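Novice: Protein chains in written order, with my numbering: chain E, 33 to 132; chain Y, 6 to 115; chain G, 257 to 490.
Worth flagging that the hints you see were computed from the coordinates, not collected in a lab. Here the structure is a predicted model, which is why all the values come from computation and not from measurement. Check each hint, because a few of them may be wrong.
To be verified - Some, not all, of what chain E presents toward chain Y, calculated at C-beta under 7 angstroms:
| # | residue |
| --- | --- |
| 1 | G45 |
| 2 | A49 |
| 3 | P53 |
| 4 | F56 |
| 5 | W57 |
| 6 | L59 |
| 7 | G60 |
| 8 | L65 |
| 9 | D66 |
| 10 | L69 |
| 11 | G95 |
As the list claims (entries may be wrong) - Partner residues aside, some chain Y positions facing chain G, computed with beta carbon under 7 angstroms:
| # | residue |
| --- | --- |
| 12 | M6 |
| 13 | Q8 |
| 14 | T9 |
| 15 | W12 |
| 16 | I13 |
| 17 | E81 |
Quick reminder that beta carbons are idealized off the backbone N, C-alpha and C, glycines included.
Chain by chain, the residues run as shown.
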Amino acid sequence: MSRWLAHVHRVSGIALAIFLPLHFWALGNALQLDSFLAWTRQPLVKAGEWAIVVALAAHLGGGLRILAIEFLDWHEWQNSLAAVAAAVTLAVGLALALAL
Amino acid sequence: MTQTVLWIAQRVTAGILAVCVVVHLATIIYAVQGGLTAAEILGRTRGNTAWLAFYLVFVLAAAIHAPIGLRPVLGEWLHWRGIWREVFLVFFAYALLWFGLQAVLGVFAV
Amino acid sequence: MKVRVWRGVAQGEFQSFDVPREPSQTVLDVVTYIQRKLDPTLAYRYACRVGMCGSCAMTVNGVSRWTCRTHVNQVARNDELTIGPLRNLPVIRDLVTDMREFFDKWARARGQFKGGRTRHDDFERVAPQSEHREAVDAGIECIGCAVCYSSCNVVAANPAYLGPAALNRAWTLVNDVREKENAERLRAVAGDAGCHACHTHMDCTERCPKHLSPTAAIAGLKRATTKAALKGKL
Chain E
33 MSRWLAHVHR VSGIALAIFL PLHFWALGNA LQLDSFLAWT RQPLVKAGEW
83 AIVVALAAHL GGGLRILAIE FLDWHEWQNS LAAVAAAVTL AVGLALALAL
Chain Y
6 MTQTVLWIAQ RVTAGILAVC VVVHLATIIY AVQGGLTAAE ILGRTRGNTA
56 WLAFYLVFVL AAAIHAPIGL RPVLGEWLHW RGIWREVFLV FFAYALLWFG
106 LQAVLGVFAV
Chain G
257 MKVRVWRGVA QGEFQSFDVP REPSQTVLDV VTYIQRKLDP TLAYRYACRV
307 GMCGSCAMTV NGVSRWTCRT HVNQVARNDE LTIGPLRNLP VIRDLVTDMR
357 EFFDKWARAR GQFKGGRTRH DDFERVAPQS EHREAVDAGI ECIGCAVCYS
407 SCNVVAANPA YLGPAALNRA WTLVNDVREK ENAERLRAVA GDAGCHACHT
457 HMDCTERCPK HLSPTAAIAG LKRATTKAAL KGKL
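Okay, chain E solo, but in the shape it has when bound (with noise of 0.2 angstroms):
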């Protein structure tokens, strides 16, 4: 169960490393912005965009339980149900209320 916590936790980080400055460079051409948002809504780059939600939720959920099992006095498995618990409630949350 931590392996493949542990494994999501990479993965999802890559994923953001590789979407950050990607993210940044849109923002930074401010002036076309518009254009830019109005590709956003093609049924592909929402997919993408709940992605990179989901893998932000998962990053932090995996991040949280590598702190409390390095910074608190926790049973390992309560560990990871907490990480987990909190990635999904994060994950599902976000993508109804954002709704794509």
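Put chains Y and G on the given structure of chain E with help from the hints.
Specialist: What follows is chains Y and G alone, placed relative to chain E:
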């Protein structure tokens, strides 16, 4: 010693980013209600020093956290170790900082 | 029951044997049967065969474990077993690995007790319920069987990594109040080859036959090295 410092920096920026991400996501959820327009985004960020400060902290924390996170990935999955890996990561940090500042100033500047 | 056993060194192949299935049978029983009845050239290690020494550790169906404490009923799939040597260690022959690197890393992590008193000094008083002693107690039962080392992804990906057992032992010494000088030890366990390379996959903790938690020990080392660094003592 260096790895200890990197470890500390990673945990500290993780804590900062956790807060920033929650704020950022809450903002996104609020902003996308009823569609997203440039005017709405810029109306919120243009000339607003509070948002400027927030996003500067966000960008700085991310520019530190991402390269440190990528370091073991490069070492373990690509077997890339040694001085050139560190050079690349420093370059990546600066790139994030540079593009991030462009973005922050881009939405702040009137 | 069909049993595939690794034969050779780094290069080699799995050889199949037909072993009678008994109602109550351990994997060590199976290996012993093969060597005594079917192929005397098979090399393997065991000693106590009652779960005390850790010598019989091997890889069974991909999982590192003590074969004397693994019942065939627990692990056999479709009446088949695959047995190989421990991972992350050089293979001497068949099921026997070269444990030197494992113990060398133990030494590199400063896993030896040094102390500072002589026979002329009084005993150090160690309170059993103290936070430090409880941390030691949680990790002191390690017998160096290398199951954790064999299960660790980071050991596989990072040849210099000291590994869970060495770091676990170092943590018990960091918490030993009789050790007055831990700066050298903390320096030895910090870094790319030390505790900071651990990614909390927790295979070590999951597989440890003594139910120790090297993950918790390594987390402790991360905190200890941080404290030392902030005090300028690293």
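Novice: State for each hint whether it applies.
Specialist: Hints, one by one, checked against the model:
1. G45: holds (5 angstroms)
2. A49: For A49 of chain E, the interface hint holds, since the closest Cβ of chain Y sits about 5 angstroms away, which is under 7 angstroms.
3. P53: Interface hint status for P53 of chain E: holds (5 angstroms vs cutoff 7 angstroms).
4. F56: With a closest approach of 4 angstroms, the F56 of chain E hint holds.
5. W57: holds (6 angstroms)
6. L59: With a closest approach of 4 angstroms, the L59 of chain E hint holds.
7. G60: holds (4 angstroms)
8. L65: For L65 of chain E, the interface hint holds, since the closest Cβ of chain Y sits about 4 angstroms away, which is under 7 angstroms.
9. D66: D66 of chain E check passes; min Cβ-Cβ to chain Y is 4 angstroms, inside 7 angstroms.
10. L69: Given a least distance of 6 angstroms, the restraint on L69 of chain E holds.
11. G95: G95 of chain E check passes; min Cβ-Cβ to chain Y is 5 angstroms, inside 7 angstroms.
12. M6: Where the cut-off is 7 angstroms and the nearest Cβ of chain G is about 5 angstroms from M6 of chain Y, the hint holds.
13. Q8: Holds. Min distance 4 angstroms.
14. T9: Result: holds, 4 angstroms to nearest chain G Cβ.
15. W12: holds (5 angstroms)
16. I13: holds (6 angstroms)
17. E81: Cβ of E81 of chain Y sits 4 angstroms from chain G, so the hint holds.
No hint from the list above goes unmet by this structure.
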